[in-house]
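**Student:** Now for the letters of each chain:
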Amino acid sequence: MKEDELRIFIKGVMNYFTQFEGAKPAVGIPYPEQNNFIFLDYSGIIGVVGERKGCIYVTTSAAMLDELIKEMGLGEANDELRLDVIGEFANNIAGNAESFFGRNFRISTPKVITGSVDNINLPLNLPVFTIPFEWKSQKSYLVVGTPRRNV
Amino acid sequence: MKIMIVDDSTIVRMVIERYLKLTNIDVVAQAANGNDAIALFRTHLPDIVTLDITMPGIDGLETLEEMMRINPKVKVIMISALNSKTTVVKAINAGAVSYLIKPLLAHKLTDTLRKILGEKP
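Order-wise, the sequence lines are chains A and B. Quick note, the first sequence lines up with residues 1 to 151 if you use my numbering. Quick note, the second sequence lines up with residues 1001 to 1121 if you use my numbering.
Chain B on its own, in the form it takes in the complex (with noise of 0.2 Å):
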């Protein structure tokens, strides 16, 4: 399995790499905003993508329906501080998997994580 992790902080991508390491999972990529993430998605094609909504340029969740465009079975989980229902039910409707709200937890992440590969907690 294959990951990339989309977040315009250097330290919520460390921490999320840092929580996937509790995982079997690789990350094969890392962006700063949707545009690169758009490109190194293209390149790396990976099956999962964790993927922040507030960023500089193309926010999230244009980037989550370029995304599923590109590759309508990849699983998209969505870490963002927006909390909002309509911003939920938006990036459920444009594919997401799942949604959670940071700062982020370990477990919630991994939780879902095991989740989408099917494993029993």
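Just chain A, with the same shape it has in the complex (with noise of 0.2 Å):
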């Protein structure tokens, strides 16, 4: 993945923010990953097909969820109300990516998981890249594995 694809992805993760008054989030520095992917308590999947195959996903603490769920002005947070937003967190940065890589860039709805994922067929295409970031104290990733079909 070229470092401009990359800067798309991290742009998506900024943009999310940009509906929070105060604190940005700080984007640290991409690595590529081949195996031991990271998967904190909640995890947002989305699969990607066309041009590009794979998936991206954002993974992050309950506690993140939870500061974005009173960020939102939502009250109490629930499991249900973390799920919710961890998807939309990740439909979100793929959506975003949609004006770059074009209409050949289709994504779907979001898949959510709490905790690792041993039960579920990820369909992460290597290169894959983790994109660490910080936002309030709290450490999230966003690992993208969306190779071109001919790579």
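Don't take each hint at face value.
Below, simulated SDA-like cross-link-like pairs (lysine to any residue); rule was C-alpha separation at most 25 Å, straight line [to be verified]:
#1 K1021(B) with E80(A)
#2 K70(A) with T18(A)
#3 K1115(B) with T18(A)
#4 K1108(B) with G73(A)
#5 K11(A) with G22(A)
#6 K1090(B) with R106(A)
#7 K1090(B) with I1116(B)
The set of hints was computed from the structure by calculation and includes no laboratory data. Just so we're clear, the structure is a prediction, and the values are computed from it rather than from any experiment.
Take each chain as given, in its own frame, and dock them per the hints.
**Tutor:** What follows is the structure, given as structure tokens:
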């Protein structure tokens, strides 16, 4: 994946937080990963088909999602809302990449999971890059594995 | 004025509902997918609809086309993370009056509603 392509996903992360006043996320340096993909408390996964094939996912802590729910002014967090927020977060990042990758970048509705991914077939295709980011002292990760079909 | 909110995310529907409290528009129905949206649309005949695109089953663009067939006068505001020119043009050509890109900001929705209602900002 080229640098400008990774930058689109970083922009997607930054864009997501424009809906909140105050703290902005700090994005770390993306790094390639071949296995041992990181999963925190909650993950939102978006499948990608078209010229690119694979998936992206965002993984974060329950504390981070509780903070997002609070920022949205929606009161007390619960498991259902946390799963919904992480799915929508992933959807925002993937959807916002459409203008860069074009109409052949087609995304699925989000799949959401808690914990690790022992029981699901993650359609993550190599090369995979992990983009760390932090917001309000909560670490999260965006994992992108959507190579062109001919790679 | 009656409005219907269509989005597969509960959180997004809650946020839109919260933003709509800044207006005098009544939320008459909410749906999480295209099929339910079309059924509720026929029942409630809202004046305005906020409509997501990426949803399970019938997507928002197909839902939009069906709503326009049922009531060509309805004002549909697309609210989606998809941001390509092709998708925006497709929605506008299908009859949407506006296209807002997620993440949704309160002032963008209220400004759009004011324009639809013919109010000055």
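**Student:** When you check the alpha-carbon spacing of K1115(B) and T18(A), does it fall within 25 Å?
**Tutor:** Within the cut-off at roughly 23 Å; holds.
**Student:** Between K11(A) and G22(A), is the straight-line Cα distance small enough, at 25 Å or below?
**Tutor:** Holds, at roughly 18 Å.
**Student:** Between K70(A) and T18(A), is the straight-line Cα distance small enough, at 25 Å or below?
**Tutor:** Between K70(A) and T18(A) the Cα gap is close to 15 Å, so the pair holds against 25 Å.
**Student:** Within 25 Å, alpha carbon to alpha carbon, are K1021(B) and E80(A)?
**Tutor:** With Cα atoms ~24 Å apart, K1021(B) and E80(A) stay inside 25 Å; holds.
**Student:** Does the alpha-carbon distance linking K1090(B) and R106(A) stay inside the 25 Å limit?
**Tutor:** holds (15 Å)
**Student:** Would the pair K1090(B) and I1116(B) pass a check requiring their Cα atoms to be no farther apart than 25 Å?
**Tutor:** holds (20 Å)
**Student:** Take the C-alpha atoms of K1108(B) and G73(A), compute the straight-line distance between them, and say whether it is at most 25 Å.
**Tutor:** Holds. K1108(B) to G73(A) sits at ~18 Å (cutoff 25 Å).
Violated hints for the displayed structure: none, as all numbered hints are satisfied.
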